[in-house]
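Residue numbers (this note's numbering), protein chains in the order written: chain A, 1 to 110; chain B, 111 to 995.
If you are wondering where the hints come from, they were derived from the structure by calculation, not from laboratory data. Treat the numbers as computed from the prediction; the structure is a model and nothing was measured. Just so it is clear, CB atoms sit at the ideal spot from N, CA and C, and this is done for glycine as well. Accuracy of the hints is not assured; some may be wrong.
[What the hints assert, rightly or not] Calculated cross-link-like contacts (lysine-lysine; reagent style BS3-like; alpha-carbon spacing at most 25 Å): (1) A/32 x B/165; (2) B/519 x B/204; (3) B/159 x A/32; (4) A/32 x B/155.
[To be verified] Among chain B residues calculated to face chain A with C-beta under 8 Å, some are: (5) 123; (6) 142; (7) 143; (8) 144; (9) 145; (10) 146; (11) 147; (12) 148; (13) 149; (14) 150; (15) 151; (16) 171; (17) 174; (18) 178; (19) 179; (20) 181.
[Stated by the list, open to error] Pair by pair, the computed Cβ-Cβ distance ranges are: (21) A/104 x B/180: 42 to 50 Å; (22) B/180 x A/95: 37 to 45 Å; (23) B/181 x A/87: 27 to 35 Å; (24) B/188 x A/19: 31 to 39 Å; (25) A/19 x B/207: 56 to 64 Å; (26) A/95 x B/191: 40 to 48 Å.
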Amino acid sequence: MTTITRTEEILLLMVCKLGEDAFAMQIREEVKTLTGKLYSIGGIYVPLDRLTAKGLLKMEDVNADEERMGRPRRRFSITSQGMKALKETREMEQAMWDLSPELLQKMGLV
Amino acid sequence: MKGESDNSKNRSTIPGLGERLLTFLLPHERQDILLGDFIECYRTKLNAKGPLVAKLWFWLQVFASVPSFIRYRTRFAGIMLRSYVTLALRSLYKQAAYSFLNLSGLAVGIACFVVIMLYVKDEQSYDTFHESSERTYRLLDIRKVDGIGEESASAPIMLGEAMKEDYPDEISAGVRFFNFQAPTLALAHTPVSGEVRQFNERKLFFTDPDFFKVFNFRLSAGDEETALTEPNQVLITKEMAGKYFGDEDPLGKILRFEDKHDLVVSGVFGDLATNTHLDFDFLVSFSTLDNPEVLRTRLRESWIWNPAWTYLVLNENVSPADMEAKFPDFVKRHFDESRHDRVKLYLQPLEEIHLESKLDYEMGPNSDKAYVYVFTTIAVFILLISCFNFINLTTARSTRRAREIGMRKILGGYRTQLIGQFLSESVITSLVSLLLAFPVIWLLLRVMNNFSGKNLTLSWSEQPMLLPGLIGLTALIGLISGIYPAFFLSSYRPAQAVKGGRYVEATRGIVFRKILVVGQFSLSVILIVGTTIALKQLDFLQKRSLGFDQEKVLLLPTLRSPLMDQYASFKGRLLDNPDILSLTTVEDIPGVKHQTGGYRPNGTGEEQQFPRLVVHDDFARTMGIDMAAGRGFSEEFKTDVGETAIINRAMVDLLGWGNPEDVIGKRFDRKTIVGVTENFHFTSLHRPVGPFVLMRIGDGSGAMAFSARYIAVRVNTEHIDETIDFIKDQWFSFTPNRPFEYLFLGDLLGDQYEAEATLGKVAGAFAGLSVLIACLGLFGLASFTTERRIKEIGIRKVMGATVSRLVVMLSSSFVKLVLLSIVIASPVAYLALNSWLSDFAYRTSIGIWPFITSGGIAVLIVLLTVSYQTIKAASTNPVNSLRYE
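Only chain A is shown next, with the shape it has when bound in the complex (with noise of 0.2 Å):
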């Protein structure tokens, strides 16, 4: 199985959420709104390319638009074997907490 970082799991759950819209400032938005950190604008690729390079996103570059100064967007979307990875991560993470109720309250956790 393939083992992914919190960082890479919540980017590529991101990317899904985002769907069309998973460019790289959307997701960088998103990011920040979902856990508080703020990466810099060049910083945002440097994960996404990581998870590019192990094929777990793949991206396209779509037309430019008005916006951008007719500059090109970058466009990520996943890959079958990223999602075979977010899946893998979840079962994991549910067999993890897969817990007793007695324990949980011994945690103080529900």
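With chain A fixed as given, assemble chain B onto it according to the hints.
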């Protein structure tokens, strides 16, 4: 795809400076996307918060993004670099023949440059390795009146002692070297068992204990503190220890000096540096000379005789000019009053001796600064030729790659990437040729060592800057040769480049290459002409009639030999042999060295210094010198000793005495002139013939032992081996304990032009190499040009052109270039050689022939080089070249 038109319409965008900065920082692959992102976010901020906040925010973002930019940059740079290296190696491999020409030309050029520069560096490093070498000076004793006299590198024995005594605050150490001014001194070792080993030694000096303080020569055995302090101590080199003692421990062994005095070996030198003008095999403690039996007290304490090379180390705060200012007083204190005006003392910096000193009585032959310049010029020329070559071949080859460039551009290659590709390709190629240069350097060093007698090595530890310097230089050559294809070819329009296959090259590219070819051949022609003239001058010096016949004269070193007490009977015995024509004794080697004496030409007035030789009877006959008037010294005239003199024609002219015949019987320095010789070259041809005096040697044993340094024998050269054996037998029958040695005067005279001979040989070798390199380039260029014109040739053949006409047509463009080079190079070569030759008193004429012959050679070589390609191209079947049209 860049929206530059939008840019000008809509001003509400990121600051212009920021955009430029980002464009600069970001790799191409990222530029558009990220610039878009910045603009998008900036606009959002601008609408929400206003321009000030937006700008501030923008710059903060740029700043915050820098680390990620660096990441992109390095990652892409790494990828591109790897791709550049792959491409460079592929293109080298693909055009193996071209690559070989290109690489080997540059490799040979670099190797020549390195080897010559090693030689030059070695020349410049002479005597710089002593601890206080920059404060060490040689004391010169110059005795001249009106430009005539002697400029001696050596000084009276007493001078060194008196200096140290008079100026203890200024002088920290002083060393003298003394060898009786003898060409050789005899040493012998009698082992406990076995035969006596005796040899005539040329490099034996008496020296002071300060030797180890002044010079950085170290003993490998023995104590430097005490090795030279006692009388009769001798230090020897490793080689000499082997020669006399074999494998035995030399320390404490006895060497018998001149068959009279025993010297004890007190130390052995380790490996000695060779970049020094001090060349010695034996050093004997100076106090040995205090024994009057070794050196008579009168000579030891003479202030007139100046046989001792004297070196002084000044204290750090003393300048040589201050010191020299004190010398006139010193001269007044110590020298005889009659000499006060004549004697001038100077300090000569130790480090300058090897390259600049040209005095009388040097310890050994020195080099010349001019040769260092000549060699440096040759090195730079060769490097330039090979660079031109490399640039030419690289550019020529790259024009064949127009289609590749077009394709790369169509596939989205940026111009900067193409520039990077070509630059890195040529830099990588040049670095590969640096690798190839190392075996060539190794080979050339051996050749160079052979020519020059040096022991040069390529040592990274001794020259730590050499490798980085070489890599830097080579990379620079690569960069320069890459500039043209990088910037010119990358500007091709892709459509045209792909369509045309071979893009029609702009004329400036062709002109540029022609200029380089002309430059290359101009430099080569200069080197060829220079070599021709240098060899011509050398030949001139060696063949010039010296005014005497050196080929039939043998010299036997006899200074201080007991044989001289029996000279008359030895002479009689030798003359019994019909192959021995005549013999005499000489004070120094005629044509090489002479002594000087003070004479009053008119018998009164100021004493003047004149070059002279003290000789025995039959000198003129033995040497084959023609008499202009009168006779030579002869045993028939008992009055010759001490009462007569012979002068040369130049002396007659100097004194304004008119006809040589009228001079006979006149008085010269209160002696009767019995003969006038024709002018003969009593010293090397570097100097013009001046006035000269011959005096008859005294018959007393003192004069004979001291002033008869050689017996000169005129022999019939037909039975030379038998004659030498005969002389040897006679020698040992008179003095069985003296080593026998003989020298040919002709060889000794030839040795004087060793510097010129080395120059000629080395310059010749490198001129040859430079032509070879230039031809390599031309060969590549010719094949490239003919290949480009293959269709033209095909059409011409179809139209009826003959092979020979085509060859002439193709070759003529190259020949024109070479002719132009000759025209350019000739005046330059003429001027340079004229100034070189002007240093010689006797010089060959330059004339027109060297230019014609070297030009002819250059044209011939060029024709041979290009003919292979042109004939090949011209004889191609037009069907093959036109098939695909």
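Structure-based check of each hint:
no. : hint                      : result
1   : A/32 x B/165              : holds (21 Å)
2   : B/519 x B/204             : holds (21 Å)
3   : B/159 x A/32              : holds (19 Å)
4   : A/32 x B/155              : holds (16 Å)
5   : 123                       : holds (6 Å)
6   : 142                       : holds (5 Å)
7   : 143                       : holds (5 Å)
8   : 144                       : holds (6 Å)
9   : 145                       : holds (5 Å)
10  : 146                       : holds (3 Å)
11  : 147                       : holds (5 Å)
12  : 148                       : holds (6 Å)
13  : 149                       : holds (5 Å)
14  : 150                       : holds (5 Å)
15  : 151                       : holds (6 Å)
16  : 171                       : holds (5 Å)
17  : 174                       : holds (4 Å)
18  : 178                       : holds (4 Å)
19  : 179                       : holds (6 Å)
20  : 181                       : holds (6 Å)
21  : A/104 x B/180: 42 to 50 Å : holds (46 Å)
22  : B/180 x A/95: 37 to 45 Å  : holds (40 Å)
23  : B/181 x A/87: 27 to 35 Å  : holds (30 Å)
24  : B/188 x A/19: 31 to 39 Å  : holds (34 Å)
25  : A/19 x B/207: 56 to 64 Å  : holds (59 Å)
26  : A/95 x B/191: 40 to 48 Å  : holds (46 Å)
This entry satisfies every hint, going by the numbered hints stated previously.
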